[in-house]
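8 protein chains.
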Amino acid sequence: MNKEIDDLTIDWERSKRQTFPEVVYCQGKTDQQCIEAFKALYKAYPTFMGTRGRSSIYEALKKDMPELVYDETSHILYVQKEKKIVNGDRLITVITAGTSDVPVAEEAAITAELMGNQVDRIYDVGVAGIHRLLDKLNRIRKANVIIVLAGMEGALASVVGGLVNVPVIAVPTSVGYGASFHGLAALLGMLNSCSAGVSVMNIDNGFGAGRLAHTINSRR
Amino acid sequence: MNKEIDDLTIDWERSKRQTFPEVVYCQGKTDQQCIEAFKALYKAYPTFMGTRGRSSIYEALKKDMPELVYDETSHILYVQKEKKIVNGDRLITVITAGTSDVPVAEEAAITAELMGNQVDRIYDVGVAGIHRLLDKLNRIRKANVIIVLAGMEGALASVVGGLVNVPVIAVPTSVGYGASFHGLAALLGMLNSCSAGVSVMNIDNGFGAGRLAHTINSRR
Amino acid sequence: MNKEIDDLTIDWERSKRQTFPEVVYCQGKTDQQCIEAFKALYKAYPTFMGTRGRSSIYEALKKDMPELVYDETSHILYVQKEKKIVNGDRLITVITAGTSDVPVAEEAAITAELMGNQVDRIYDVGVAGIHRLLDKLNRIRKANVIIVLAGMEGALASVVGGLVNVPVIAVPTSVGYGASFHGLAALLGMLNSCSAGVSVMNIDNGFGAGRLAHTINSRR
Amino acid sequence: MNKEIDDLTIDWERSKRQTFPEVVYCQGKTDQQCIEAFKALYKAYPTFMGTRGRSSIYEALKKDMPELVYDETSHILYVQKEKKIVNGDRLITVITAGTSDVPVAEEAAITAELMGNQVDRIYDVGVAGIHRLLDKLNRIRKANVIIVLAGMEGALASVVGGLVNVPVIAVPTSVGYGASFHGLAALLGMLNSCSAGVSVMNIDNGFGAGRLAHTINSRR
Amino acid sequence: MNKEIDDLTIDWERSKRQTFPEVVYCQGKTDQQCIEAFKALYKAYPTFMGTRGRSSIYEALKKDMPELVYDETSHILYVQKEKKIVNGDRLITVITAGTSDVPVAEEAAITAELMGNQVDRIYDVGVAGIHRLLDKLNRIRKANVIIVLAGMEGALASVVGGLVNVPVIAVPTSVGYGASFHGLAALLGMLNSCSAGVSVMNIDNGFGAGRLAHTINSRR
Amino acid sequence: MNKEIDDLTIDWERSKRQTFPEVVYCQGKTDQQCIEAFKALYKAYPTFMGTRGRSSIYEALKKDMPELVYDETSHILYVQKEKKIVNGDRLITVITAGTSDVPVAEEAAITAELMGNQVDRIYDVGVAGIHRLLDKLNRIRKANVIIVLAGMEGALASVVGGLVNVPVIAVPTSVGYGASFHGLAALLGMLNSCSAGVSVMNIDNGFGAGRLAHTINSRR
Amino acid sequence: MNKEIDDLTIDWERSKRQTFPEVVYCQGKTDQQCIEAFKALYKAYPTFMGTRGRSSIYEALKKDMPELVYDETSHILYVQKEKKIVNGDRLITVITAGTSDVPVAEEAAITAELMGNQVDRIYDVGVAGIHRLLDKLNRIRKANVIIVLAGMEGALASVVGGLVNVPVIAVPTSVGYGASFHGLAALLGMLNSCSAGVSVMNIDNGFGAGRLAHTINSRR
Amino acid sequence: MNKEIDDLTIDWERSKRQTFPEVVYCQGKTDQQCIEAFKALYKAYPTFMGTRGRSSIYEALKKDMPELVYDETSHILYVQKEKKIVNGDRLITVITAGTSDVPVAEEAAITAELMGNQVDRIYDVGVAGIHRLLDKLNRIRKANVIIVLAGMEGALASVVGGLVNVPVIAVPTSVGYGASFHGLAALLGMLNSCSAGVSVMNIDNGFGAGRLAHTINSRR
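Residue numbers (numbering that gives the first Met the number 0), protein chains in the order written: chain V, 0 to 219; chain H, 0 to 219; chain U, 0 to 219; chain G, 0 to 219; chain X, 0 to 219; chain R, 0 to 219; chain Y, 0 to 219; chain C, 0 to 219.
This is chain V alone, in the form it adopts within the complex (with noise of 0.2 angstroms):
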């Protein structure tokens, strides 16, 4: 069998267009295509990420990228050799309707960080307890943009989306069991959300939101 092209092609090109290089998705990579991956960011790129990590690729690479974090509630792996704050003025506030959606919104809120945003994070304020929400209203409405994630029913979304009067980022999560399939009850409610200013990201996808967030934060 005769395999002329090479496995995997760093696009970097990407990275000029996008200011920001080219992010490996870990998950259905062998550790030898992340480490290489990783290997070429490094030799290119002062801040670069990596998302739904695992140790076994960190401690591949630790030795020789001292740099390198592995945060483990959110599963990325990235190296930042400076901090840099390019959208400072912006604030990114990441929402959670419960403890069990931090992974996911860690992922978020890292992502839009290691790009250059301040975070604020406010957790386990599900709307089965309106009060908790409501007590962190002015908090909230610092926000520049708002990533909301919840799993089970997905309410969170549409009543932030009612308070607030900027772009809302929805993630569903699959937090729950039995007939939230998974994320399929959240991900439904929030398409279907009755509060127009809010659009939705695939199941659990924190990287995405945390992505667009900072796109948003750098129109200009």
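Rather than coming from a laboratory, the hints here were simulated on the basis of the structure.
A quick note: this is a predicted structure, and the numbers were derived from the prediction, not measured.
Each hint should be verified, as a subset may be incorrect.
Unchecked claim - Listed next, the in silico DSS-like pairs over lysine-lysine satisfying Cα-Cα at most 30 angstroms (straight line):
#  : chain 1 : residue 1 : chain 2 : residue 2
1  : V       : Lys135    : U       : Lys141
2  : U       : Lys62     : U       : Lys42
3  : C       : Lys135    : V       : Lys42
4  : X       : Lys83     : U       : Lys135
5  : U       : Lys62     : U       : Lys82
6  : U       : Lys135    : G       : Lys141
7  : C       : Lys135    : V       : Lys38
8  : U       : Lys141    : H       : Lys83
9  : R       : Lys42     : V       : Lys141
10 : G       : Lys135    : H       : Lys38
11 : U       : Lys83     : H       : Lys141
12 : H       : Lys42     : G       : Lys135
13 : Y       : Lys141    : C       : Lys83
14 : U       : Lys135    : X       : Lys38
15 : G       : Lys38     : Y       : Lys135
16 : G       : Lys62     : G       : Lys80
17 : V       : Lys83     : R       : Lys141
18 : U       : Lys141    : G       : Lys135
19 : H       : Lys135    : R       : Lys42
20 : G       : Lys38     : G       : Lys62
21 : C       : Lys38     : X       : Lys135
22 : X       : Lys135    : Y       : Lys141
23 : V       : Lys135    : H       : Lys141
24 : G       : Lys141    : X       : Lys83
25 : R       : Lys135    : C       : Lys83
26 : H       : Lys135    : V       : Lys135
27 : U       : Lys82     : U       : Lys135
28 : Y       : Lys42     : R       : Lys135
29 : G       : Lys82     : G       : Lys42
Starting from the known structure of chain V, fit chains H, U, G, X, R, Y and C onto it as the hints suggest.
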């Protein structure tokens, strides 16, 4: 073809067992089948009703059954020779997210009223403008049982469920379009409600909700 | 990454509003998050509980929390310093179709008991042998509220609903295989119940059913 | 466009193989295609039938085919020049949950009768009032094969299957609304029946049930 | 927690009514529950069985129950103290599309044999090579009842149904991948079979098929 | 039946909070309900709109509301007494895959225009002929926000998302047939977009997309 | 509203690239849009076609476009000024399971013919009577490419795929009822075909199948 | 239990009919069944293969079958005693959207190579960076048949289909998460492709795609 059985067997026993005569579900029955069922009920009971009725049945019966009412919003056909409040001390509050949910809400409300309950209607207080709901919180907290009707994402049931300490009967409605899938999104949302006191009826089943609210009210 | 908020906000307010302290849903939380939640509850309340627990949490806590019980059937973790019956005159009857439904049934039953209710358990009386159910009809008719748990086709809820005149809370379980689709068949069956007094919980949501039964029992 | 084949090939062979001439499934065929099929059958057989017919076909044929009957309930079009009972000692019992299931039930019953069987019809005995069914148990136990038709949750098939020791053919009907999803709930319920002797037909497939009951009756 | 009822009620009555003792469905039951059920059956019957068994149950019982057999292909556990053919003149033929369907096929075949039937096995004759099936047509036509098992697209049921004039019990299996959706494709295919004598069991329900074939064979 | 509440509560507060008066969603409301809502808005605002309108509402209002326009493509009813561009420096570009997507695209475009934005329309540039899209790349890259509308497989959103560095709002349309399942295929495709800057609206929700694009444009 | 773009961009480039002018998909386009598209094609090409047409378009064009044909079975509108066979040595054989599949089959057949292919039609040879298919095996084996169209369970594709050694293009049709779910059962069946040479088109996509058969035939 | 038939019937006839010996589908078969099948093939053919293999089969066979290769990427087990190019003038090009699709791509590529075809591999050219694909357009246009593999939204098939004029075989892969639903999103996307020359295989069915590409290449 010899058909030696009757096409429609009225379940006389159930009315004794259930304190209200059997309710005629008109959809899927011919006009003639409905008319015969109503005539049999008229002979035996001072109060009875049918759901998902149509004006042709009403027109055919109104001369011989002068007390017959056809409510065009809820599509309920009923006779109530004398109004009798049996649970006057226990309020059933019917809440809708939007104006389009009102036909199903009225099916619930009128059912509960015909069975002898007091009903408070609070319509068009969906979560996109949460202050509309909160403004009516004192009124809502007077309820002994609450019926919440909502289409689209159905988030209202969770929010109400978190604000009160009484049974909440959630009725998803088929209001919506696209990924509401004719009420499926609201149904899944309500089943996954993060508020513990919420149970769910079939999509658009206002009658069942009114009936169940009456049953809960009748527990003494 | 600066995380200036707490990972877990215990909702102290809700317990006042709802007469029972917030219940810890352990699934999707780390051991550490659960342990901290239980410790906070232990300081404040004589009785509290968590659902979908696991033995590792129990092992970590049992020394410092001698009253802690881990029920292996229902996976409930609870402390009950003193037993208190608040609805002694109103029986909650818990009925299952099969033996495999018992873990979810026990989640419902123990929840109701911890909240102060008397519970009667009638297990393994599925409709394939209807005489098993009918034999217990007098006992069933003593109930003030009934919880029916069934997997597979979930037909038991309709049959019970037709035999009694009290609220029936139907809980589909994920018991079954093939076209049961992890409880979907039972869920749809119960939502379409031809018996009017039946409302439905999420698949395997025994806790919610026990909690709702207690709420109905508490209406006076 | 040269179309050198006939649009409709009557399967003469099958009738020899299957003891009853091919049945014309009218839905999805033009009037003209149905009329030609019936004319060909009329020349060759004393008894034949078509399902899902419509009055326009009947009107076009009745002058030249005086024995043609159009049963408006079942939408069966048939000719039966002489009535012949071939399985007189073996009763097929057709049971429905509600009145709205009768059109599909009649499709089953008339099919079985045209093929030479005795049919007993027991209609409107759904599980919400189980005593209606139990009252007729002696009559039901005379059956050699039972066809059960039910929409909504389809629970009747499981209950009947547990009461008898003969083959039960379950036919889900599209009767219902909301989460019945046009018969899907009943279909899944019947497939998951906890009663072992139950097999299932497609939604609204009364013809197939009648045909299969005849096949079972013909085993000697 | 007072649990005053037994965890498992053996349905002694059913065995009288159905001529074969209740079958233990082991999945979802603990080893202890299964062992107790088998012990009770062992005291009362010369022949009995359990489906979806596992070797741990067998190991625990084999010393005290020397006649116990654990068939590793079908996962049936059974005792048959004496072999008795009750329907010797009526053959049940079990046909599979592929080799991977054999475990479910054996569940059907052994069930039918234990109930006293003669079984002919024709395996691996799927429609992709139709000559394999046609080569065995004479043998197939000796059947009184046929059980067809197929995964993937399940087409074998329709082809067999068109070749014979006896009842065909179709069992979709979960064999396949991707868009087979764990047997859903085969299930839908069989429900929509264009051959009129076909009825359908739940996915992987070999036991039900064997039981039903026995019931049909027992009609006299 | 005493109905002591108004059927329609206009949410005056929201318009203050959201800088544009509440939009009337006409579908599911009676003509009378819509007419009253428009009349109330007409008294209070120089610019307002309703979606999913119909000509009967327009005909009933046009005499008393001479500025009322009914756009037959988008089914928007609106009044705009004076045109005001509030985000003139930030272009919203609306792109469709096909001609059949134009009605939903116009709902988005007109919504954005009424709220004070400049809109560039690029229609019928689906991915089957990728050169059509690439030919317009310079024009597309002038956008501050992009709305992509596509039915069938919805691939256009991913391709556009990969070509630009601004927020892309993807709107699946119900254009298609068969396995498009009324927009589900496009919806799932867009949710799974491999391009990171894409978020998704409900099927056919042009209004929401236009509203969100305006919200993003208003961030300063 | 300034709409500075054309509503319909004819893709002139594609016809050069694909050897046949762009095909107008009439569904979802207004009459006016279709008419303009046909007029543009008429000026530029001797042969062209539109699918899912309707007679109103034909009536509007026939005077100015005398060669226009409207095939009422397939709903194809086409002009073919001169008939040209480009793949005369390679036969495309179109096979249907039933008569109701013929409209989709004709869409495939006429498409292939207009593109210059010879087509053999073999209709109504579904697997319920396998001898009908086998009788035509010699004729089927003359094909270079085969298109199989079937609704219901779609089994015909697998059977044909097992009998030949040429590409089989399977087209599920929406023929059927109940659990055919508008062609979903046939679609899943065909995707799971156990015959290796089978690939699948969208439900009712006769045009795509004819077009692909032509493309395969054109490989030289 | 008398099992008088063989557990596995090797279909010798098919290899004659189809020019390549039957391929062993290892999944769902025991090691022993696979080993016996390979041994039988080894005696009869110089080249043969099995899909979805595992190393335990390879380990058991490698001593007696020295030419056996186990490709760990594609999970193909094969013997190829001599390499033979039968379609050397016709290139099969295999294209993937991402690196994670490579295992399925290799199943397709190696299958095609073993059957005697030349294969060109172009991997990791998904539509999020369309220039990666366009850069390789000249190479892509050398193909006689193209196989496109993509997970997530599967848009690559439509884009490639619009760029070429040869048959495109689309293979959805299960790569993705959340609303990809294990390949369903890609499957639906490909079925709804707006490019006319695209047909679709089952999710992850690389083998079928390679086999079909070979069949198309063999048409002469």
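Outcome of the hint check:
1. Of the supplied pair hints, the one linking Lys135(V) and Lys141(U) is violated, its CA atoms being roughly 48 angstroms apart against a limit of 30 angstroms.
2. A hinted pair counts as satisfied when its Cα atoms are at most 30 angstroms apart, and Lys62(U) with Lys42(U) qualifies at roughly 15 angstroms.
3. Taken as a hint, the Lys135(C) and Lys42(V) pair is honoured in the structure, with Cα atoms around 26 angstroms apart against an allowance of 30 angstroms.
4. At most 30 angstroms may separate the alpha-carbon atoms for a hinted pair to count; Lys83(X) and Lys135(U) exceed this at roughly 37 angstroms.
5. With a C-alpha separation of about 22 angstroms, the suggested pair Lys62(U) and Lys82(U) falls inside the 30 angstroms cut-off, and the hint holds.
6. Our distance criterion of 30 angstroms between C-alpha atoms is met by Lys135(U) and Lys141(G), whose separation comes to about 28 angstroms.
7. Of the supplied pair hints, the one linking Lys135(C) and Lys38(V) holds, its CA atoms being roughly 26 angstroms apart against a limit of 30 angstroms.
8. With a C-alpha separation of about 27 angstroms, the suggested pairing of Lys141(U) with Lys83(H) holds against the 30 angstroms cut-off.
9. With a C-alpha separation of about 33 angstroms, the suggested pairing of Lys42(R) with Lys141(V) is violated against the 30 angstroms cut-off.
10. Between Lys135(G) and Lys38(H), the direct Cα distance comes to roughly 26 angstroms. Compliance with the 30 angstroms bound is thereby established for this hinted pair.
11. A hinted pair counts as satisfied when its Cα atoms are at most 30 angstroms apart, and Lys83(U) with Lys141(H) qualifies at roughly 27 angstroms.
12. Between Lys42(H) and Lys135(G) the alpha-carbon distance is near 26 angstroms, which keeps this suggested pair within the 30 angstroms criterion.
13. The straight-line distance between the Cα atoms of Lys141(Y) and Lys83(C) is roughly 27 angstroms, inside the 30 angstroms bound, and the hint therefore holds.
14. Distance check on the hinted pair: Lys135(U) and Lys38(X) sit about 26 angstroms apart at the alpha-carbon level, within 30 angstroms; holds.
15. In summary, the hint linking Lys38(G) to Lys135(Y) is supported, as the alpha carbons are separated by about 26 angstroms, within the 30 angstroms threshold.
16. Annotation: proposed proximity of Lys62(G) to Lys80(G) holds, straight-line Cα distance about 16 angstroms (limit 30 angstroms).
17. Between Lys83(V) and Lys141(R), the direct Cα distance comes to roughly 27 angstroms. Compliance with the 30 angstroms bound is thereby established for this hinted pair.
18. The straight-line distance between the Cα atoms of Lys141(U) and Lys135(G) is roughly 28 angstroms, inside the 30 angstroms bound, and the hint therefore holds.
19. Taking the CA atoms of Lys135(H) and Lys42(R), the gap is about 26 angstroms. The hint holds against a cut of 30 angstroms.
20. Straight-line distance between C-alpha atoms of Lys38(G) and Lys62(G) comes to about 12 angstroms, which keeps the hinted pair within the 30 angstroms bound.
21. With a CA separation close to 26 angstroms, the supplied pair Lys38(C) and Lys135(X) stays within the 30 angstroms bound.
22. Distance hint between Lys135(X) and Lys141(Y) is fulfilled; the C-alpha atoms sit about 28 angstroms from each other, no more than 30 angstroms.
23. Of the supplied pair hints, the one linking Lys135(V) and Lys141(H) holds, its CA atoms being roughly 28 angstroms apart against a limit of 30 angstroms.
24. Between Lys141(G) and Lys83(X) the CA atoms are separated by roughly 27 angstroms; this keeps the pair inside 30 angstroms, and the hint holds.
25. Restraint check for Lys135(R) and Lys83(C): not satisfied, since their Cα atoms lie roughly 48 angstroms apart, outside the 30 angstroms limit.
26. A C-alpha spacing of about 21 angstroms is found between Lys135(H) and Lys135(V), which places the hinted pair at or below 30 angstroms, so the restraint holds.
27. As the CA atoms of Lys82(U) and Lys135(U) are separated by approximately 28 angstroms, the hinted pair is consistent with the 30 angstroms bound.
28. Using a Cα cut-off of 30 angstroms, the hinted pair Lys42(Y) and Lys135(R) holds, with the two alpha carbons roughly 26 angstroms apart.
29. Between Lys82(G) and Lys42(G), the direct Cα distance comes to roughly 18 angstroms. Compliance with the 30 angstroms bound is thereby established for this hinted pair.
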